[in-house]
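Colleague: Heads up: the sequence lines are chains B and R, in that order. Counting in this note's numbering, the first sequence runs from 6 upward without gaps. Counting in this note's numbering, the second sequence runs from 8 upward without gaps.
Because the hints were derived from the structure by calculation, they are not lab data. Computed from a prediction, not measured in an experiment: that's the story for all the values here. Treat the hints with care, since some could be wrong.
Quick look at which bits of chain R chain B covers, simulated, 3 or more residues with Cβ under 8 angstroms [unchecked claim]:
(1) 33-44
(2) 47-53
(3) 74-88
Ranges between beta-carbon positions, derived for each pair [stated by the list, open to error]:
(4) B/G266 x R/S93: 50 to 60 angstroms
(5) R/S58 x B/R144: 34 to 44 angstroms
(6) R/D59 x B/D378: 20 to 30 angstroms
(7) B/S255 x R/E94: 37 to 47 angstroms
(8) R/E79 x B/A102: 37 to 47 angstroms
(9) R/D78 x B/D303: 39 to 49 angstroms
(10) R/A73 x B/D428: 21 to 31 angstroms
(11) B/N194 x R/A73: 31 to 41 angstroms
(12) B/A413 x R/S58: 16 to 26 angstroms
(13) B/D128 x R/S93: 39 to 49 angstroms
(14) B/P70 x R/G53: 26 to 36 angstroms
(15) B/R421 x R/D78: 19 to 29 angstroms
Don't be surprised by glycine CBs; every beta carbon is placed ideally from N, CA and C.
One-letter residues, chain by chain:
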Amino acid sequence: MTRFLTRRQFGTLVSASAATLAMPGILRAENTGRLLIIGGGFGGASAARFARINYPDVSVTLVEPQTSFVTCPYGNLILGGKRALSDITHSYDGLRARGVDVIHDRAQEIDADGHRVTLASGDVLDYDKLILSPGIGLRWNAIEGYDEAASEVFPHAWWGGDGSQISLLRAQLEALPEGGVVGLAIPDNPFRCPPGPYERISMIAHHLKQANPTAKILAFDAKEGFAKQGLFENAWAELYGDMIEWIPASGDGRIMRVDPGNKLFISEFGEEHSVDMGNVIPPQYAASIARDAGLANDSGWVPVDPRTFEAEAASDIHVIGDANIGTPMPKSGYIANSTAKTAVTAALAEMSGRPAWDDPVYFNTCYSHAGEDYGISVAATFRLSEDGIAATPDSGGVSLQGDLSEMARTRRLEARYADAWYDSITDDMFS
Amino acid sequence: MMRQKLLAAAVAITCAGWPLTALGDDADGHMLAQACAGCHGADWGGQGPISDLRGYDHEAFLRAWAEFQADERPATIMNRIARGYSEAEIAALADYFSSLE
Ligand SMILES: Cc1cc2nc3c(=O)[nH]c(=O)nc-3n(C[C@H](O)[C@H](O)[C@H](O)COP(=O)(O)OP(=O)(O)OC[C@H]3O[C@@H](n4cnc5c(N)ncnc54)[C@H](O)[C@@H]3O)c2cc1C
Numbered sequence: 006m007t008r009f010l011t012r013r014q015f016g017t018l019v020s021a022s023a024a025t026l027a028m029p030g031i032l033r034a035e036n037t038g039r040l041l042i043i044g045g046g047f048g049g050a051s052a053a054r055f056a057r058i059n060y061p062d063v064s065v066t067l068v069e070p071q072t073s074f075v076t077c078p079y080g081n082l083i084l085g086g087k088r089a090l091s092d093i094t095h096s097y098d099g100l101r102a103r104g105v106d107v108i109h110d111r112a113q114e115i116d117a118d119g120h121r122v123t124l125a126s127g128d129v130l131d132y133d134k135l136i137l138s139p140g141i142g143l144r145w146n147a148i149e150g151y152d153e154a155a156s157e158v159f160p161h162a163w164w165g166g167d168g169s170q171i172s173l174l175r176a177q178l179e180a181l182p183e184g185g186v187v188g189l190a191i192p193d194n195p196f197r198c199p200p201g202p203y204e205r206i207s208m209i210a211h212h213l214k215q216a217n218p219t220a221k222i223l224a225f226d227a228k229e230g231f232a233k234q235g236l237f238e239n240a241w242a243e244l245y246g247d248m249i250e251w252i253p254a255s256g257d258g259r260i261m262r263v264d265p266g267n268k269l270f271i272s273e274f275g276e277e278h279s280v281d282m283g284n285v286i287p288p289q290y291a292a293s294i295a296r297d298a299g300l301a302n303d304s305g306w307v308p309v310d311p312r313t314f315e316a317e318a319a320s321d322i323h324v325i326g327d328a329n330i331g332t333p334m335p336k337s338g339y340i341a342n343s344t345a346k347t348a349v350t351a352a353l354a355e356m357s358g359r360p361a362w363d364d365p366v367y368f369n370t371c372y373s374h375a376g377e378d379y380g381i382s383v384a385a386t387f388r389l390s391e392d393g394i395a396a397t398p399d400s401g402g403v404s405l406q407g408d409l410s411e412m413a414r415t416r417r418l419e420a421r422y423a424d425a426w427y428d429s430i431t432d433d434m435f436s
Numbered sequence: 008m009m010r011q012k013l014l015a016a017a018v019a020i021t022c023a024g025w026p027l028t029a030l031g032d033d034a035d036g037h038m039l040a041q042a043c044a045g046c047h048g049a050d051w052g053g054q055g056p057i058s059d060l061r062g063y064d065h066e067a068f069l070r071a072w073a074e075f076q077a078d079e080r081p082a083t084i085m086n087r088i089a090r091g092y093s094e095a096e097i098a099a100l101a102d103y104f105s106s107l108e
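Bound conformation, chain B alone (with noise of 0.2 angstroms):
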């Protein structure tokens, strides 16, 4: 209670006395405010526990079908055999003590003009602010004869939902025959965590190296050049041997169909490969909702105002994590938590008195392991630009480059700290 009390000592509950104070016109709402947030994931989860703190007058409402949350973060290392499904599956009741409405349900269908959104069950919720925070969609069949049915053969593991994704792919590893070939199918930018695809070919490596040291693994990659190669690329050769392939676009990478039933990766040019097991990670859109509400453009993807995260398309409605088009900011969790706290602060400026960040800074880190004590990372800082966001010059950039031999301690904080940056989000998102 005195933490609390503490934290608001910080947050609004005198801020808008202040701001009541500074602008006498505006009235503050006491309890009024409704604001409804779907999707409990990095963006949302991070939204609601930030506005909870800092707005104690307004109303939080989240709403997220899933009853506990599996990240994407540290999925990873669920292949590499240095976490379990529970270590990275976290409950809602840290945001339900402190005074969110969960609702474990899915928005249906978002009315714009009339600030209501329809759930699956029929309940109909009145906001004054939307957050939508509800992920990627994946576009089943962009390559032919990858949809739903084939995920179960191939499976692509770039959501959470209910872990079986994840642990799918783990027993299949576990169940690769001696000296086997694992294939991947690595999408074309933009894409949820660029980095990711590149750190669970090493920790797929960094199972095999002890299970199945003969294994192969053969990446295909739709691009010509992906996030932290010089790192990955020096961790796997230093690490791994010969045991992985990056294939990429140039050199016949772009994977064009699947056929699930014999196992089978066609390329572009018509090569067939044939592997004992695959994971194929398929171009993504905006999640559904998004899309059905008519706020994303042709990209698939939802264009907002850079300073508040406000939908183009629709006013009230904040878009933020993966779902917007927030470029040069990659799909991130980091990203998605930290523009997260801005959308709130835009949306709720009005109601609380309490002004927008006019001069935002846009912040990620994405830690990758590339084996055991083996972190590596890239950072930035972003701002607005004439043109809408910007990296900041002379500034962030990746992890320096090294032999283990010289680089071992480095490498080995790094892990460490990655370590520590999951548990510190995943507070900030549920605690």
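Put chain R with the ligand on the given structure of chain B with help from the hints.
Modeller: Coordinates of chain R with the ligand only, in the frame set by chain B:
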């Protein structure tokens, strides 16, 4: 100068409860600090090997930051991050963290 700022911050906090920055400083320390929570603990209280930022001495904070920027302090990532902030922003962060209990 620094002492004046601190004093002003203290006054601002006791009077309004909102840190100095929201009352007209150049940068919003409360909002800037939000990003730090992603590693330094949800309430900036530290996490595993990552340092506690609450009540960080104002001068020491500014010194550490400058050393990170200049690669004069051992770092894996804070050096890269430190270079991404302006002087006003760094001062606002120092104000904010030094004011936290
Ligand atoms: C393998 C992997 C590793 C990753 N590692 C990292 C990392 O190390 N660091 C990092 O910063 N990021 C990482 N990411 C990226 C991170 O997971 C995403 O960027 C982040 O989850 C985006 O947050 P979000 O809120 O947009 O979506 P999500 O976190 O996916 O949350 C969306 C939520 O909305 C819910 N939802 C969807 N539709 C509806 C609806 N109609 N009604 C109600 N609820 C709905 C979903 O159930 C879901 O819980 C990784 C991703 C992957 C795949």
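Colleague: A separate judgement is required for each hint: does it hold in the structure or not?
Modeller: We went through each hint and held it up to the structure:
no.: 1; hint: 33-44; result: holds (count 8)
no.: 2; hint: 47-53; result: holds (count 4)
no.: 3; hint: 74-88; result: holds (count 4)
no.: 4; hint: B/G266 x R/S93: 50 to 60 angstroms; result: 58 angstroms, holds
no.: 5; hint: R/S58 x B/R144: 34 to 44 angstroms; result: 43 angstroms, holds
no.: 6; hint: R/D59 x B/D378: 20 to 30 angstroms; result: 24 angstroms, holds
no.: 7; hint: B/S255 x R/E94: 37 to 47 angstroms; result: 45 angstroms, holds
no.: 8; hint: R/E79 x B/A102: 37 to 47 angstroms; result: 44 angstroms, holds
no.: 9; hint: R/D78 x B/D303: 39 to 49 angstroms; result: 45 angstroms, holds
no.: 10; hint: R/A73 x B/D428: 21 to 31 angstroms; result: 29 angstroms, holds
no.: 11; hint: B/N194 x R/A73: 31 to 41 angstroms; result: 36 angstroms, holds
no.: 12; hint: B/A413 x R/S58: 16 to 26 angstroms; result: 22 angstroms, holds
no.: 13; hint: B/D128 x R/S93: 39 to 49 angstroms; result: 47 angstroms, holds
no.: 14; hint: B/P70 x R/G53: 26 to 36 angstroms; result: 34 angstroms, holds
no.: 15; hint: B/R421 x R/D78: 19 to 29 angstroms; result: 21 angstroms, holds
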